[in-house]
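Keeping the supplied structure of chain A fixed, place chain B upon it in accordance with the hints.
Keeping their order, the protein sequence lines are chains A and B. Going by this note's numbering, the first sequence opens with residue 19, and the numbers climb by one from there. Going by this note's numbering, the second sequence opens with residue 11, and the numbers climb by one from there.
Any given hint could be a false lead.
Stretches of chain A that chain B covers, calculated by requiring three or more beta carbons in the stretch to come under 8 Å of a beta carbon on chain B [as the list claims (entries may be wrong)]:
#1 101 to 110
#2 166 to 173
#3 192 to 199
#4 204 to 216
#5 219 to 225
Counterexamples of contact, computed for chain A against chain B with all Cβ distances above 10 Å [stated by the list, open to error]:
#6 T96
#7 E145
#8 E240
#9 P300
To give a feel for the contact side, a few chain B residues facing chain A, derived at Cβ under 7 Å [claimed, not checked]:
#10 F94
#11 Q307
#12 N310
#13 Q366
Hints listed in this document are in silico derivations from the structure and should not be mistaken for laboratory results. Even glycine gets a Cβ: it sits at the ideal position worked out from N, Cα and C.
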Amino acid sequence: MRRGLRVLLAGVVAAVWQAAPAAAYMVYVSNEKDNTVTVVDSETKEVVRTINVGQRPRGITISHDGKFVYLCASDDDTIEIIDTATHEIVGSLPSGPDPELFVLSPDGKTLYVANEDDNLVTVIDLETKHVLAEVPVGVEPEGMGVSPDGKSMVNTSETTNMAHFIDTATNEITHNVLVDSRPRFAEFKPDNSEVWVSAEIGGTVSVIDNATREVKHKITFEIPGLRAEAIQPVGVRITADGKKAYVALGPANRVAVVNAQTYEVESYVLVGQRVWQLAFTPDQKQIISTNGVSNDITFIDVATDEPTQSVTVGAMPWGVVVSPNSRF
Amino acid sequence: MPFFLVSLISVFLAASHISEACAQESSQANRAVQPEQQVSEVRLGYLRAYAPQLALSVLDVPPRDEGIAGANTAINDNNTTGAFLNQKFTLDVVEVEPNEDVVPAFNGMVSNGVRSLLVDLSVAQLLSIADLARDRDVLIFNVGATDDILREEECRANVFHTVPTRSMLADGLAQYLIWKQWRRWALIYGSHEPDRLFADALRRAATRFGGEIVAEKEFADTGTARRTDSGVVQIQRQMPVFTQDLPEYDVLLVADESEVFGTYLPFRTWIPRPVAGTAGLTPSAWHPASEQWGGTQIQNRFAKANGRRMLSKDMAAWTAVRIVGEAATRTQSAASDKIAAFIRADDFSIAAFKGQKLTFRKWNWQLRQPIFLGDGRSVVSTSPQEGFLHQVSELDTLGVDQPETKCVIK
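Chain A on its own, in the form it takes in the complex (with noise of 0.2 Å):
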């Protein structure tokens, strides 16, 4: 038996040699606790590699091409880069205090960074790592949403209760939506059309139109036997067709996933404890949740909204990011 094992395997490993552009993406999840990035494989689920990094991680992206992650150090103060060639620390970024999440704009150029402890979202240019601008927000900002065809930026503050809307061409608020108590994450449409921002406290989702910058709708969940406190948004993804959106609901251990033409809740995804961020693999197969109390990822297939397998990361991992080429 052993052996049937060894030369399933061996199979195993040859197909995915063979079929080696096909879809393998690293997955890369902050551990806010360990202070550790876990690199996991896609397709195997496997750790692939344990990065030490700086002090209590969370907000992680990636470059456009794939080479670097880009990961809030919020202890430490700076924004650390890792090649993903070598898995190494190679430089940092002047990130501003405590920074906590951020967003890379459009064209690969610019990095939008909230400093949780200055009311202020600072704008790095990446090429020569200087502070381009310091727009001052509201108390706490956190969630950073961009436009897909760069032209505005959306910062949510957590106390002031509000997303504000910064033009990325003067780097200044041109509108501030009130939305539910502390508002977590912004995430726009990829026609632009609509923003959606969660609020942890508040319970809800709100859509806000992105010509109008009003609320136009509020998204709220109800699961069956839980209290309505424990059920708590803060990641939110919207598939590439605009169609279906993924709504991570912290202590309520669910992923809800939601009509994002009609705003109806469709189902909820078990996961695992205080699910709090979420990443597509590039080719929108999976979707995968970071559950923070279980130390835990969850894949979930895009397909069927099915739960396909959790893999143990590191202590409370929060944020992951997926590269965007397939590896091998």
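Positioned in the frame of chain A, the structure of chain B alone reads:
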């Protein structure tokens, strides 16, 4: 002069904020904010009875600005938000002596335009202005008094309580002890009125959650100095003897709000047992070391602004000012009637770094909130504990619930 005005703190927008607000006005396209709109001011007040207090440990001496610092931090937070909405929040602070008549101070503040008033007063002082406040459309936020009577027999429609009651605190502690299966308690209480009230709350919690108080003892205050150079030597011998005649127990509960003996009990009991209550494992509305649920952010900003850690009274005051701020923001109004209506609405809630939205008990205007359990260094747990269920909100397993309330709001 019946009262003295120690400080009139007008919190103003920093010059940079004002210029930012002006710069943004030209590009503001939000319908609610018109460029020509004037800045509207929401004037809050903070009325407190103050006298320096001693404590058994110098680490426990209340800071001079306890509570006020929390209110000012929230005023700053409100003003950061207000800069986007042309709203400005200010805080007038007035201090009186304990037991002094507070009516003149109250009248002065209301004449000055205060319509939302935070109070850190005794029960008698608070009740002396509660009905005057109602007649002048002033909302009172109790940030200091834990007395259940203010939410029960003496509840008022215009008095909101952001500070938890003694019964909420005792229930939070009791749930944890039951969860630990430490069910047999010995109770030592002080000889002052607040000590007796907290002892009552602990007895009630025992009945409620299945704890057993196996013995009780009063520690009489004989008027000794709280600190002397060689005090430790005597205490080390006195406390074991004082607890020697107690029957077998799991936890020693202590009710000593008056700071006469409680701090001396941990590690000095006759048999080795943990201490909880006003010493040892202590229930509170906030813990200076709480970093959960975004707590790091408020802790950092509080410490940076005030040069010390945030205490429970600071959190109660922060929450009260944020409640007014939230109402002014959401209604886009500085009018007190609109603010009051918003706070009283069914769907009102506030976020205060406690992991869930906080709402008011509409039957007595007590803010529902989790209770922190800490040991002076770190947070040990927060209640309600897992498994203590409730048909409305698990937070209503803490304190007097609606079916038991004696409050009749007219």
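**Item:** 8 Å C-beta test of the region 192 to 199 of chain A against chain B, three or more residues
**Value:** holds (count 6)
**Asked** Within the assertion that chain B covers the region 166 to 173 of chain A, do at least three residues meet a Cβ-to-Cβ distance smaller than 8 Å?
**Response** Violated, because only 0 residues of the region 166 to 173 of chain A bring their Cβ atoms closer than 8 Å to Cβ atoms of chain B.
**Asked** Counting residues of the region 204 to 216 of chain A with a beta carbon closer than 8 Å to any beta carbon of chain B, are there 3 or more?
**Response** violated (count 0)
**Asked** When the nearest CB of chain A is found for B/Q307, is that gap smaller than 7 Å?
**Response** holds (5 Å)
**Request:** Hold the hint about B/Q366 up to the distance rule: shortest CB distance to chain A must be less than 7 Å.
**Result:** At 4 Å from the nearest chain A Cβ, B/Q366 passes the 7 Å test, so the hint holds.
**Prompt:** Hint check: is the beta carbon of B/F94 less than 7 Å from a beta carbon of chain A?
**Reply:** Cβ of B/F94 sits 4 Å from chain A, so the hint holds.
**Asked** At a threshold of 7 Å, is the proposed contact between B/N310 and chain A supported by beta-carbon distances?
**Response** Holds. Min distance 5 Å.
**Asked** Any Cβ of chain B at or closer than 10 Å to A/T96, or is the non-interface label fine?
**Response** holds (17 Å)
**Item:** 8 Å C-beta test of the region 219 to 225 of chain A against chain B, three or more residues
**Value:** holds (count 3)
**Message:** If we take the beta carbon of A/E240, is the closest beta carbon in chain B still more than 10 Å away?
**Reply:** holds (15 Å)
**Request:** Hey, is A/P300 genuinely clear of chain B, shortest beta carbon separation above 10 Å?
**Result:** Since the minimum Cβ distance to chain B is about 32 Å, A/P300 lies beyond 10 Å and the statement holds.
**Asked** Are at least 3 residues of the region 101 to 110 of chain A within less than 8 Å of chain B when you compare beta carbons?
**Response** violated (count 0)
Against the hints set out earlier in the document, violations occur for numbers 1, 2, 4.
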